[in-house]
Amino acid sequence: GNSVTQMEGPVTLSEEAFLTINCTYTATGYPSLFWYVQYPGEGLQLLLKATKADDKGSNKGFEATYRKETTSFHLEKGSVQVSDSAVYFCALRAGSEKLVFGKGTKLTVNP
Amino acid sequence: NAGVTQTPKFRILKIGQSMTLQCAQDMNHNYMYWYRQDPGMGLKLIYYSVGAGITDKGEVPNGYNVSRSTTEDFPLRLELAAPSQTSVYFCASSYRRGVEDTQYFGPGTRLTVL
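Chains as they are written, first to last, in this note's numbering: chain Z, 1 to 111; chain W, 1 to 114.
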């Protein structure tokens, strides 16, 4: 079946550090890939997405590239801020199937 | 637009009680979803609906029921609450067209069953 594996957290960084959160997937066909972010006490919000191989999704300084050869969609940001502290979820949707989420990675950014 | 709204925000139930979690969206979305989020885990789909009058089971439907009488509303019913249903519940909606399917989430309902 379809599944998403993302790196275990928590991740703690200092402000302005470089961020990578790894995400790999298993799916039939050509899934769409998503990163969602959940700020404390809130619901999930779409951060970025990519719908085909080699697409790069980007938003708020975050980027992720859909790599079919490595079945990966790693999230990166060059310089994190305290306000980026949140839980990040990688997700996929294959065809008409429902969204499948990873377990989430908690990021804490210290000033 | 208010987006996706959920009530209540918090609730404590005793074992065996029942309750309905309310969810409404004002974006005219055709798809609606209920998820639960357990600590340290991702979201698991409970039920979903592709339109008014149509619902279907997700991964973890046992102990829950849903109905979708209107496009806007998608209540989740818990009958005979159990401690295993202690979780945070999120409602979401989307307008699915081809590959476009961005889900919009409500703020969640934190439920404790004692």
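Please keep in mind that the hints were generated in silico from the structure rather than gathered at the bench.
For glycine and all other residues, C-beta sits at the position ideal for the given N, C-alpha and C.
Worth double-checking, as some hints may not be accurate.
[Stated by the list, open to error] Only part of the chain W face toward chain Z is listed, based on derived beta-carbon distances under 10 angstroms:
{"id": "1", "residue": "Thr7"}
{"id": "2", "residue": "Tyr35"}
{"id": "3", "residue": "Met41"}
{"id": "4", "residue": "Gly42"}
{"id": "5", "residue": "Leu43"}
{"id": "6", "residue": "Tyr48"}
{"id": "7", "residue": "Pro61"}
{"id": "8", "residue": "Asn62"}
{"id": "9", "residue": "Glu72"}
{"id": "10", "residue": "Pro83"}
{"id": "11", "residue": "Cys91"}
{"id": "12", "residue": "Ser94"}
{"id": "13", "residue": "Asp101"}
{"id": "14", "residue": "Leu111"}
{"id": "15", "residue": "Val113"}
Structure-based check of each hint:
Given hint, Thr7 of chain W at the interface with chain Z, is violated; its Cβ is 13 angstroms from that chain's nearest Cβ, farther than 10 angstroms. Given hint, Tyr35 of chain W at the interface with chain Z, holds; its Cβ is 8 angstroms from that chain's nearest Cβ, closer than 10 angstroms. For Met41 of chain W, the shortest C-beta to C-beta distance to chain Z is roughly 6 angstroms, which falls under 10 angstroms, so the interface hint holds. A hinted interface residue such as Gly42 of chain W counts as satisfied when its beta carbon comes closer than 10 angstroms to some beta carbon of chain Z; here the least separation is about 4 angstroms, so the hint holds.
The beta carbon of Leu43 of chain W comes within 5 angstroms of a beta carbon in chain Z, closer than 10 angstroms, and the hint placing it at the interface holds. A hinted interface residue such as Tyr48 of chain W counts as satisfied when its beta carbon comes closer than 10 angstroms to some beta carbon of chain Z; here the least separation is about 6 angstroms, so the hint holds. Hint on Pro61 of chain W is violated. Least Cβ distance to chain Z is approximately 13 angstroms, over the 10 angstroms limit. Restraint check, Asn62 of chain W versus chain Z: the minimum CB separation of about 17 angstroms is more than 10 angstroms; hint violated.
The criterion of a C-beta within 10 angstroms of any C-beta in chain Z is not met by Glu72 of chain W, whose closest approach is roughly 18 angstroms, and the hint is violated. Contact between Pro83 of chain W and chain Z, as hinted, is not supported at the beta carbon level, the nearest pair being about 22 angstroms apart and thus beyond 10 angstroms. At a threshold of 10 angstroms, the smallest CB-CB gap from Cys91 of chain W to chain Z is about 8 angstroms, leaving the interface hint in force. Hint on Ser94 of chain W holds. Least Cβ distance to chain Z is approximately 9 angstroms, under the 10 angstroms limit.
Because the smallest distance between the Cβ of Asp101 of chain W and any Cβ of chain Z comes to about 6 angstroms, under 10 angstroms, the interface hint for this residue holds. Annotation: Leu111 of chain W was flagged as interfacial toward chain Z, and the flag is violated, the nearest CB pair being 15 angstroms apart, outside 10 angstroms. Proximity of Val113 of chain W to chain Z is violated relative to the hint, the smallest CB-CB distance being about 21 angstroms (cut-off 10 angstroms).
In this structure, the earlier hints numbered 1, 7, 8, 9, 10, 14, 15 are contradicted, and the remaining ones agree with it.
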